[in-house]
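Student: These are the residues of each chain, in order.
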Amino acid sequence: MTLPLRKERTVAAEMPHYRSQIRWREQLVAYLFLLPAIAAFTVFAWWPILNSIVMSFQQVDLMDAGASTWIGFRNFERMFADPTFVASWRNSFEFAGLSILIGFFVPVFVSILVNEMRAAKSFFRIVYFLPSVIPPLIGILVWQLIYSPQPGGLLNQVVIGLGGTRAGWLQDVSLVKPSILVIMTWGGFGATMLIYLAALQDLPIELYEAAEIDGARPWDRIRFITLPYLRPTMLVLLIVQVLGIVQIFMEPLVLTEGGPGQATMTPVFTLYRKGFLNGDYGLAAAWSVLLMIVLGALSLVYLRVTRATQQ
Amino acid sequence: MDASVRAVLSDLEVKTPRGRLTYILITLVLLLLAVFVVVPFIYAFTSGLKTSREVFSATFQLFPAVANWDNYGQAWDYFNLPRLFLNTTFLVIGGLFVQLTVSMLAAYSLSKLKPIGGRFLLIGFLTTLMIPGIAYIIPLYVTAARLGLLGSYWGLWLSYGVNAFMIFIFKNFFDGLPPEIFDSARVDGASALQIFWSIVLPLSRPILIVLSILTFVNLWKDFLWPYLVLLGEPDLQPISVALFVVEQRSATPPNIQMAGYFMAMLPPLLIAIVLQRYMQRGLSLGAVKG
Numbered sequence: 242m243t244l245p246l247r248k249e250r251t252v253a254a255e256m257p258h259y260r261s262q263i264r265w266r267e268q269l270v271a272y273l274f275l276l277p278a279i280a281a282f283t284v285f286a287w288w289p290i291l292n293s294i295v296m297s298f299q300q301v302d303l304m305d306a307g308a309s310t311w312i313g314f315r316n317f318e319r320m321f322a323d324p325t326f327v328a329s330w331r332n333s334f335e336f337a338g339l340s341i342l343i344g345f346f347v348p349v350f351v352s353i354l355v356n357e358m359r360a361a362k363s364f365f366r367i368v369y370f371l372p373s374v375i376p377p378l379i380g381i382l383v384w385q386l387i388y389s390p391q392p393g394g395l396l397n398q399v400v401i402g403l404g405g406t407r408a409g410w411l412q413d414v415s416l417v418k419p420s421i422l423v424i425m426t427w428g429g430f431g432a433t434m435l436i437y438l439a440a441l442q443d444l445p446i447e448l449y450e451a452a453e454i455d456g457a458r459p460w461d462r463i464r465f466i467t468l469p470y471l472r473p474t475m476l477v478l479l480i481v482q483v484l485g486i487v488q489i490f491m492e493p494l495v496l497t498e499g500g501p502g503q504a505t506m507t508p509v510f511t512l513y514r515k516g517f518l519n520g521d522y523g524l525a526a527a528w529s530v531l532l533m534i535v536l537g538a539l540s541l542v543y544l545r546v547t548r549a550t551q552q
Numbered sequence: 190m191d192a193s194v195r196a197v198l199s200d201l202e203v204k205t206p207r208g209r210l211t212y213i214l215i216t217l218v219l220l221l222l223a224v225f226v227v228v229p230f231i232y233a234f235t236s237g238l239k240t241s242r243e244v245f246s247a248t249f250q251l252f253p254a255v256a257n258w259d260n261y262g263q264a265w266d267y268f269n270l271p272r273l274f275l276n277t278t279f280l281v282i283g284g285l286f287v288q289l290t291v292s293m294l295a296a297y298s299l300s301k302l303k304p305i306g307g308r309f310l311l312i313g314f315l316t317t318l319m320i321p322g323i324a325y326i327i328p329l330y331v332t333a334a335r336l337g338l339l340g341s342y343w344g345l346w347l348s349y350g351v352n353a354f355m356i357f358i359f360k361n362f363f364d365g366l367p368p369e370i371f372d373s374a375r376v377d378g379a380s381a382l383q384i385f386w387s388i389v390l391p392l393s394r395p396i397l398i399v400l401s402i403l404t405f406v407n408l409w410k411d412f413l414w415p416y417l418v419l420l421g422e423p424d425l426q427p428i429s430v431a432l433f434v435v436e437q438r439s440a441t442p443p444n445i446q447m448a449g450y451f452m453a454m455l456p457p458l459l460i461a462i463v464l465q466r467y468m469q470r471g472l473s474l475g476a477v478k479g
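Protein sequence lines, in the order shown, are assigned to chains E and X.
The numbering used here puts the first sequence at residues 242 to 552.
The numbering used here puts the second sequence at residues 190 to 479.
Chain E on its own, in the form it takes in the complex (with noise of 0.2 Å):
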């Protein structure tokens, strides 16, 4: 593995007519270097990629490729056919559209009034960051009981105690979208507050004081400084969001099998049901494909905005 290198490289790279030959054997080492990355892409990146187009024209065999036989279309055809498909994919809309109105401005205007503080700032950023470390499957495991129907469920008691009526948080189809989101936006958004309160840091100052002496109140500030200065980085973090949301997955699997009815059948929930618990591997690379498609499209407009954003 180790090849001695000559003392003459160093002096050869500095001219440049010896630079364009190929040094064969540096160009090896590079490579071995390089080899258990594009060993692990090939295997569990590269290839999955690849296969999922393969196996969604085909009836899949989980052990014997060559037993897998070519059916075309089909796997589409029983996609687009199936209710499922439209209800999953209205889901992830309806998820997007309700996550924008709960959760997306929860990090900004707490980043906001945390930046106001001149003392235990820290302190809020630490506690609000805590439900991010923790697994998120432990995390809904204890919102579970949270929001339980039964007597001992701590957010009935609390609407009780307070004059309500008991609600099934999971098992109402108006409340359950909402009721998922609060877990997300509780796991989340202290994450995504310090990226804001990293973009304050570098707001300057003088824009306050300049503002200040005009007269501007304190609210106007907010709205003619602190937002547009928040906009570009709002706009990054929206496409991070929708594009969580469309990976929707462990909270229908804890909480609600994708009900009630099938409010909370997500694409991801549905392609593993198709795969894992009926075994029909073809039917769900074909929604995976689909899946690559619209994740893949997101990415490259969050590249093409964080790029403008940079400019």
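Each hint should be verified, as a subset may be incorrect.
[Claimed, not checked] DEER-style ranges, computed between Cβ atoms:
hint, chain 1, residue 1, chain 2, residue 2, range
1, E, 350, X, 341, 46 to 56 Å
2, X, 204, E, 455, 20 to 30 Å
3, X, 274, E, 342, 35 to 45 Å
[Stated by the list, open to error] DSSO-like, lysine-lysine: derived pairs with alpha carbons at most 30 Å apart:
hint, chain 1, residue 1, chain 2, residue 2
4, X, 204, E, 362
5, X, 410, E, 418
6, E, 362, X, 410
These are computed hints drawn from the structure, not numbers from a lab.
Note that the Cβ used here is the ideal one computed from N, Cα and C, for glycine as well.
Use these hints to put chain X onto chain E, whose structure you have.
Tutor: Quick look at chain X alone, frame taken from chain E:
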């Protein structure tokens, strides 16, 4: 970090009666939000101390009449938590080791050894960042099944070698190291591996620490892939997989459940609190990726 720097409100404004009121209001709002954030943790902790009758009481009581610390011992045994912690640690440390090794070697090569086609490879690596792994989890599972990687830690460890983001961060870091060090080492006749081991590795310590902590927490949180790979091996499952399997399979009394969940949340919470500075720096690495 500087606590006395002004923001929207100037220091003078904060000292006026109106400003003081605003400041107190802001503090109250933030404290209220902090309560909302920690309630699930406290609820899990105190429910774990309740009797099963208290857990099902219709009225709100945060704390039990008597603390049943015994529940925690029961949950410890019931979920076999020592085993689960051990499994998770073993799995995460191995995955961390593979991920760091694979990514650093690749990044070093791309940055310093000038492989032909290195740019295309880098683009190939980075493309995987655009498609979240969950989208191709089915073909990934099929691949792992055909290679005989299901049911063992190897299937997970090897797959954790894929992290384009880490390659990217390390490559940027190596690009920023002064080239003179590498030139003089080569003049002294050091091989590429020797340079990697005795120069690159020591110089990378700060970023290595930050990325290790971030990756440790992230791998500890992983659920779906370990769940699929270790479905048939209950003795090998890490903590979130095992807790989910137990929750699905049996009717566990809620007070025992909550005691178990609280203990399961403690290690990452402690890491986050003790190493918060590193965690937050790691997060800001993520923020500038793009």
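Student: Each hint needs a verdict: does it hold in this structure or not?
Tutor: Each hint, compared with the structure:
Under the hint 46 to 56 Å, the C-beta atoms of residue 350 of chain E and residue 341 of chain X, about 47 Å apart, fit the expected range. Hint check: residue 204 of chain X to residue 455 of chain E, Cβ distance near 21 Å, so the stated range 20 to 30 Å holds. The hint said 35 to 45 Å for the Cβ distance between residue 274 of chain X and residue 342 of chain E, and at roughly 39 Å that hint holds. Taken as a hint, the residue 204 of chain X and residue 362 of chain E pair is honoured in the structure, with Cα atoms around 19 Å apart against an allowance of 30 Å.
Restraint check for residue 410 of chain X and residue 418 of chain E: the C-alpha separation of about 23 Å stays at or below 30 Å, so the hint holds. A C-alpha spacing of about 27 Å is found between residue 362 of chain E and residue 410 of chain X, which places the hinted pair at or below 30 Å, so the restraint holds.
Violated hints for the displayed structure: none, as all numbered hints are satisfied.
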